[in-house]
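Undergrad: Heads up, the sequence shown stops at 284 in the numbering used here, and the numbers go up one at a time, no gaps.
Calculated from the structure, these hints are not laboratory results.
One or more of the hints may lead you astray.
Claimed, not checked - DSS-like mimics (lysine-lysine), calculated; alpha carbons at most 30 Å apart, straight line: (1) LYS29 with LYS267; (2) LYS53 with LYS66; (3) LYS151 with LYS267; (4) LYS29 with LYS49; (5) LYS37 with LYS53; (6) LYS37 with LYS179; (7) LYS179 with LYS35; (8) LYS29 with LYS53; (9) LYS66 with LYS49.
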Amino acid sequence: MARQRAVMLLATYLPFYRLHEVEAYFVKNVELLKPKAAVIYVDNVYRKEQRKILERIAPPGVEIKVGNWRNRNDTWLYMLRDFETYTGDWLVVDSDNVVEPHLAEAHGELRRYPIYTVLDEEAWSRSPRGFLARSRQIGSAAGRPVYAYKVYDDSWRAVFRGGSLYFIGPKQVVAFSKLPDREIVERVGRALSRVDTWLRNFISDETTLGILAHLSGIEEVPWIVASHHHHHGSTPAKATKIYVAAAHYQFASALRREFGGFLRYKTKYMLSALKNLRYLLTP
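Please take these sequences and the hints and turn them into a complete structure.
TA: Right, dumping it as structure tokens:
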């Protein structure tokens with residue numbers, strides 16, 4: 002068994018209207034994992050009055066960084082750049098999750114991988130088939146099974162069915178022992194900037210993280226069950242398909258311009274856009 006090592010940086014990210022989750026969940030994660038540093042990234046902050054509120058509620062020993070990125074993908078790209086100012090491992094917990102105590106031990110074993118992720122107990126109990134269909138078991142950590150998720154489904158069959166071609170896998174926690182190369186982050190950022198601002202929220206951050214992993218030469222990302230997910234319920238469960246297709250088509254086109262490739266990705270969402278045009282014509 003690998004020697005356990007403390008998490009060097011614990012982070013979470015959330016929009017301003019979900020600040021209550023800091024006290025409800027993130028503080029518990031800090032207490033459980035005892036990181037050497039803890040940072041909260043707060044989106045949709047654009048007035049000094051908001052900053053004053055944040056100053057009042059900041060937990061002791063926790064740093065708060067703010068921006069007006071307006072979507073999770075741009076927030077992630079900012080965080081990845083910012084993580085370069087720290088030394089060690091990086092662990093990002095979704096703001097509505099509380100990790101299991103065994104994650105601290107599992108991290109000591111899983112940190113040999115450049116990236117690993119965490120699935121919540123609730124999703125595992127409910128129906129993990131969607132994740133398992135694209136995964137294989139590769140071992141165990143802290144007495145729990147570890148699976149490896151294929152981040153890019155390169156089959157043409159995947160172009161014509163539901164699901165994402167690029168996907169990081171479970172994402173209640175994302176841990177990095179090695180960050181994506183800064184040039185890759187910047188180029189993906191340029192591609193994302195070519196997507197209409199109001200469409201960017203229709204691209205899941207799991208997709209963007211999967212693309213970053215793929216471009217970093219990572220074919221599979223390990224994952225383990227090690228958190229509890231407290232659903233916030235503040236956003237609709239499903240988005241209008243035509244908007245999702247348009248967002249991904251723009252992103253795929255921009256990625257092709259930036260890197261070449263990504264033909265299957267672009268084709269998938271061109272077909273989806275054509276199929277779902279009717280949603281623009283019906284109330």
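Undergrad: All hints, please: hold or fail.
TA: Hint check:
1. LYS29 with LYS267: Judged against 30 Å, a Cα distance of about 41 Å means the pair is violated.
2. LYS53 with LYS66: 13 Å, holds
3. LYS151 with LYS267: 19 Å, holds
4. LYS29 with LYS49: Between LYS29 and LYS49 the Cα gap is close to 28 Å, so the pair holds against 30 Å.
5. LYS37 with LYS53: Distance of about 26 Å is within 30 Å: holds.
6. LYS37 with LYS179: This hinted pair holds, its Cα atoms lying about 17 Å apart.
7. LYS179 with LYS35: 20 Å, holds
8. LYS29 with LYS53: This hinted pair holds, its Cα atoms lying about 24 Å apart.
9. LYS66 with LYS49: Measuring from Cα to Cα gives roughly 13 Å; hence the hint holds.
Violated hint for the displayed structure: number 1, the only one.
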